[in-house]
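Colleague: Protein chains in written order, with my numbering: chain V, 129 to 504; chain H, 58 to 362.
One thing to keep in mind: the hints can contain errors.
To be verified - Sample of chain H residues facing chain V (criterion: CB under 10 Å; computed from the structure):
hint : residue
1    : D59
2    : F126
3    : A161
4    : S193
5    : Q206
6    : F290
7    : D335
As the list claims (entries may be wrong) - A short, non-exhaustive set of chain H residues, derived as facing chain V with CB atoms under 10 Å:
hint : residue
8    : H61
9    : Q66
10   : N175
11   : I288
12   : F328
Since the hints were derived computationally from the structure, they do not count as laboratory data. C-beta atoms are modelled at their ideal positions from N, C-alpha and C, and glycine is treated no differently.
Next come the chains, spelled out residue by residue.
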Amino acid sequence: MKKAIQRAFAVSLLAGAVAFGVGAHAADVIKIGVAGPMTGGNAAFGEQFWRGAVQAAEDINAAGGVNGKKIELVKADDACEPKQAVAVANRLVDQDKVDAIIGHFCSSSTIPASEIYAEAGKLQITPASTNPKVTERNIPTIFRTCGRDDQQGAVAADFILSTLKAKKIAVIHDKDTYGQGLADAMKASAAKKGAKEVLYEGLTRGEKDFNALATKIKAADADAVYFGGLAAEAGPLVRQLREQGSTAAFISGDGIVDTAFVTAAGGPQFSKGVYMTFGADPRNLPGGKSLVEKFRKAGYEPEGYTLYSYATLQAVTEAMKATKSTDGATLAKWLKGHTVNTVMGPKAWDAKGDLKVSDYVMYQWDDKGGYAELKK
Amino acid sequence: MDWHILAQQLVNGLTLGSIYGLIAIGYTMVYGIIGMINFAHGDVYMVSAYLTAIAIAVLTGFGIDSAPFAIVITLALTMFITGVYGWSIERVAYRPLRGSTRLAPLISAIGISLVLQNYVQLSQGAKPQGVPTLVSGTVRLGTETNFVQMTYIQILIVVVSFAAMAALTWIIRSTSLGRQCRATQQDRKMAAILGIDTDRIISTVFVIGAAMAAIAGVLVTLNYGSFDFFIGFVTGIKAFTAAVLGGIGSLPGAMLGGILLGLFESLFSGFVNTDYKDVFSFALLVLVLIFRPSGLLGRPEVEKV
């Protein structure tokens, strides 16, 4: 009986979607919103999103578009501020009337904005928001093409305890949804292995002077510092630690995957040796080789989340092609039942909208300001 | 607790506080003369950080690699150009509004602040920028593992801050320019009747304030090695707090307020909790203002009848 109701519900949804699809047929473009921090301290990540999506849209349009329509991207800037994220989400839905959304970047922006997209029945896929709560709120139309912080934190904890064999871990975060969430996830996994941190502190985003904290970390005699946060604060923190003579290993997450981290640290002499967790580098996957070349020819290194953003638009358009619809619920249902071939390899999602397979690995920054995967 | 940790936290606080103090001087001077808060001051400081990077890049391009020489030239260039910014801000945002309500120039200063932030972001990009390390080296006291250290740049910051404050105090107290400033502050109309070009004095004060921000911009940029277009906001608010804490309008007060704020922050962060250091600092500010409404060294405002 229950199943029958569910089926009836799905069919009616599908019918609604088809009706909607016919209604929207008049428009000859498919609008996709790309939302992230285009300005502000984290604009480097917004640029990664935008570059990836623009390239994907160009390639898809060159190949004939989606269901005979061209993709049109709408840039939306949330500056990684939750309030602004809600405002741009409303604008995307009401004013720009987008058909789906790629974004946002900061989990603290993705979560409030997702309520608006969910209400409007739009598909939202974030290429980068890793906080577990993003997909834990029973919203059927939200997905992500990255892993989760509980997975990321577990990989980091395992690395710190088994490979670095650190005895005294200092856990620092930036009091933001993403940063603190990631730090807590690492802390919880380390606790499961019986390790307790010697220090747990939150710094303030936007500040540059963490000398007091650096002294405190040194005083606690930490041999590993785990930082949950973004490049703008990670840079000065690692620099000031090194300046004060600390040699503790510095480990962080996907929030520092941009050369902006090296600049913020004041050069590779300070950022070298820093570890971070990130998905297996999409630039090394066989499917992405020619695309990476294309980016490099245009003078842009597709680092961090650039290819994630590209793959996200691929997933959105694949679902639209297969269902001939732009309705969020229809697209979501299709994505949850199918595997999509993207530039980052095949991707499949579970019922929550999380990737079925996540592939976090450790990276290390080198003395030239680049990063490479650590060989096991 | 070891003595060297306490001493290191005091050093951290002193350096941070000197930076706050240096920027606070700009707020306090403008307030002292025209009774207005220049909310664009934090962003003038941010602009000077960019000018520093440009100056260093140009000097390196000319093959100048002697650090003291490079720093002096950078300081001079940055102070000059930032002074031009200060002068322009006064002309654009303050002078046309002189004589209107007190609120109007406040809003226009916030407007200038937004303009500067967005202008720099659009022209220089939103990514953080960096400068090469010009001066490295530290003074360390203590044993191999337990030591107190201060980098050369940190020492320079503290020395320059005190020197700048002393020089300005002397200018205000003992020079003709200082007398004209004080006269303008006490009664602008009367000063004008007595032959003081008050418009020029007010412009000069803005230029001096901006030059102070430029000194801070150069030193801070060399100290942290990186900056972005948003650094003016947080630092500006902290420096403003320092000026209020020390008694707005008082030059030694700005320095004292800055150093106290720096010390509070670093000691609270070092020995209690980093999460709540700002809460603690601002709670202290509230307490000070309850018992001394005009700040630590500020003179109580006498209502003119």
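Colleague: Would you mind marking each hint as holding or not holding in the structure?
Modeller: Outcome of the hint check:
no. : hint : verdict
1   : D59  : holds, 7 Å
2   : F126 : violated, 21 Å
3   : A161 : violated, 27 Å
4   : S193 : holds, 9 Å
5   : Q206 : holds, 7 Å
6   : F290 : holds, 7 Å
7   : D335 : holds, 6 Å
8   : H61  : holds, 9 Å
9   : Q66  : holds, 6 Å
10  : N175 : holds, 8 Å
11  : I288 : holds, 6 Å
12  : F328 : holds, 8 Å
Going through the hint list in order, the structure does not satisfy hints 2 and 3.
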